[in-house]
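Asker: Residues per chain are reported as follows:
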Amino acid sequence: MKDLYDVFPYTLDKLKSILSEVSGTSIEIINKKFICIYFRNYFEDLNAKTIVIEKKYIDHDFLEDYAGYYVKCFKAYKKECARLHFFNFKFSIKDFNKLLSGEKSSINEGKMDLGYLGFIVVKPLPETIIGRTCLKTYSTEGNGRNYPIKRPYSANLFGLDLEVKSIAFQEQDSVVAACATSALWSAFQVSGRLYQHPILSPVELTRAACDSLPLESRFLPNKGLTLPQMAHAIRSVNLEPFLINALDEEVLKSTIYAYLKGGVPLILTVLLVDMSNKVGVFVEKHAVAITGYNIDRDENFPCTQRGYFLKALRIDKIYAHDDQIGPFSRIILDKKKIKFKIYGKTIEHISMNTSWRGENNTIGSMRAVAEDLLIPVYHKIRIPLSDIQDAVMHFDEFIKALQDADLFPVKKRLEWDIYLTKINEFKKDILNKKNIDPKLKHEILIEGLPKYLWRAEAICEGKPVLDLIFDATDILQGLSLKRAIGYDINSYKFLKVISKESVIADQYKDKPAWKILKWFNEAN
Amino acid sequence: MGKKDKNDELTKNAIKWINSKKGKMTLEKAYKRAKEMTDSLNEARRVDPNSLRRPITK
Chain A
1 MKDLYDVFPY
11 TLDKLKSILS
21 EVSGTSIEII
31 NKKFICIYFR
41 NYFEDLNAKT
51 IVIEKKYIDH
61 DFLEDYAGYY
71 VKCFKAYKKE
81 CARLHFFNFK
91 FSIKDFNKLL
101 SGEKSSINEG
111 KMDLGYLGFI
121 VVKPLPETII
131 GRTCLKTYST
141 EGNGRNYPIK
151 RPYSANLFGL
161 DLEVKSIAFQ
171 EQDSVVAACA
181 TSALWSAFQV
191 SGRLYQHPIL
201 SPVELTRAAC
211 DSLPLESRFL
221 PNKGLTLPQM
231 AHAIRSVNLE
241 PFLINALDEE
251 VLKSTIYAYL
261 KGGVPLILTV
271 LLVDMSNKVG
281 VFVEKHAVAI
291 TGYNIDRDEN
301 FPCTQRGYFL
311 KALRIDKIYA
321 HDDQIGPFSR
331 IILDKKKIKF
341 KIYGKTIEHI
351 SMNTSWRGEN
361 NTIGSMRAVA
371 EDLLIPVYHK
381 IRIPLSDIQD
391 AVMHFDEFIK
401 ALQDADLFPV
411 KKRLEWDIYL
421 TKINEFKKDI
431 LNKKNIDPKL
441 KHEILIEGLP
451 KYLWRAEAIC
461 EGKPVLDLIF
471 DATDILQGLS
481 LKRAIGYDIN
491 SYKFLKVISK
501 ESVIADQYKD
511 KPAWKILKWF
521 NEAN
Chain B
1 MGKKDKNDEL
11 TKNAIKWINS
21 KKGKMTLEKA
31 YKRAKEMTDS
41 LNEARRVDPN
51 SLRRPITK
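Chains A and B are the protein sequences, given in the same order. All residue numbers for the first sequence refer to our numbering, where the first residue is 1 and numbers rise by one. All residue numbers for the second sequence refer to our numbering, where the first residue is 1 and numbers rise by one.
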């Protein structure tokens, strides 16, 4: 029995000794791993109390990597992993034995599932031992944290059905996968379930990436991928890679918010800069899978960068699966400007605070500069965020002009909440809304709408004013407002009357704001 | 004046204003401002070709 499973009270030291024992890696190496330092705070926050070790576990992803690479090594690496399960309440091996043998126990399946914090698969490899890891996220109660793309993971522990909502993470093994592959793998955990495509193992991903775009040298062992190769891997699962420059903070925040809220994962590439000395030194390019964000709830005033107010700009932290730090690791958008040398030039740019350590071994001495966002998008989502933002920004300036002349019913500037959504979620939200005319609610709920929608909600001082719905599956030339909902009835009626004036049609018909005004112009 | 009357008055004044020379010029300026913002944002989104060539190796 003891060679099949065991139960221990959780402590960080116990976790480390278990990791060492089941993987065959020395405790000295385990102690040096940053991820173990990361786990200290993580499991403290989750209030972990008990670990159950499943000693002989066959992990699908590791089996693929094993068959694709490790089996051919002269050294006989094992194919079996161990799986560690974590719970937020105490129980002993006696309690667990009784449960499994059907005897009266202080624990039952329901209690186990309720107190389940997730699992870590431990691979039988030297050093890079953290395999598929699905842990409960940090709490989102009473704070600004959001993890919109987490999904349920089932774990069957000797017949006990357990579930945890998370996004799978794993450490790069530096053999079949470097950071780019690990980031793609985590992103595909989400998109695979969303769009029903195969979730490739790390070795399959690396192969797919290098299939038609080979590196100059061998791709296994893998030392990294280029963006075109990552895009190729995305295409191999029938998704479209959408790449945008993320150096600008407004682009970074608005894109992360809009797609993540719509359930679409994103990969962020960054430049890691060691700031141990006065002038930073560029170290390497790195890729992480974005898994969440934090909206600053203390911000009393709407945020703007270019002159229009966007809810996404309230983001002050993003959470990412960083394969060398840990799952849901925090990246703080503290706007600190740094000067650093890169490719023979010295440049200055806004950077982000990370948990990476530089040469001076201090956490946070390595900062990140956002470079690109790579988004695996379902082919039906044809309209990008940029087109919606263009239309909304032009419309907002139109309203602002009226507000400045004291001619709009809502006197203060509108704040825009722009994101991708699905028809089911939109209609569910409308069904639960209290501040909507019953006849209108009924009309919207029975209306045929496309599966994917862009939604732009206008809010003023916390109160909804307008809701603009766009078809995300349309073609750009045909893009127009599908439906507008007026929560502030005066503004809604006002827009319907004003937009019918021929001077508005004459002045705006070739301009982006007409994509919205046209709906009001034609509305009864 | 009741709320409804106030809103009707506001709408009437707004119609007068958007049909006036001042209103048209102000809306044209608003359009140019918006175009500047959207052009700047779209320019910021443009991918640097150099970022495509360099492998992500960390």
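These are computed hints drawn from the structure, not numbers from a lab. Note that the structure is a prediction, hence the values are computed from the model and not measured. Built from N, CA and C at the ideal position, the CB exists for glycine as well. Incorrect hints may have been included.
Unchecked claim - Among chain A residues calculated to face chain B with C-beta under 8 Å, some are: (1) L63; (2) E64; (3) L225; (4) F282; (5) K285; (6) E397; (7) V410; (8) D488.
To be verified - With a cut-off of at most 25 Å between alpha-carbon atoms, the simulated PhoX-like pairs for lysine-lysine come out as follows: (9) A:K518 - B:K35; (10) B:K12 - A:K336; (11) A:K428 - A:K311; (12) B:K32 - A:K511.
Asker: Determine which of the earlier numbered hints do not hold for this structure and return their numbers in increasing order.
Answerer: Per hint list: 1, 2, 4, 7, 8 and 10 violated.
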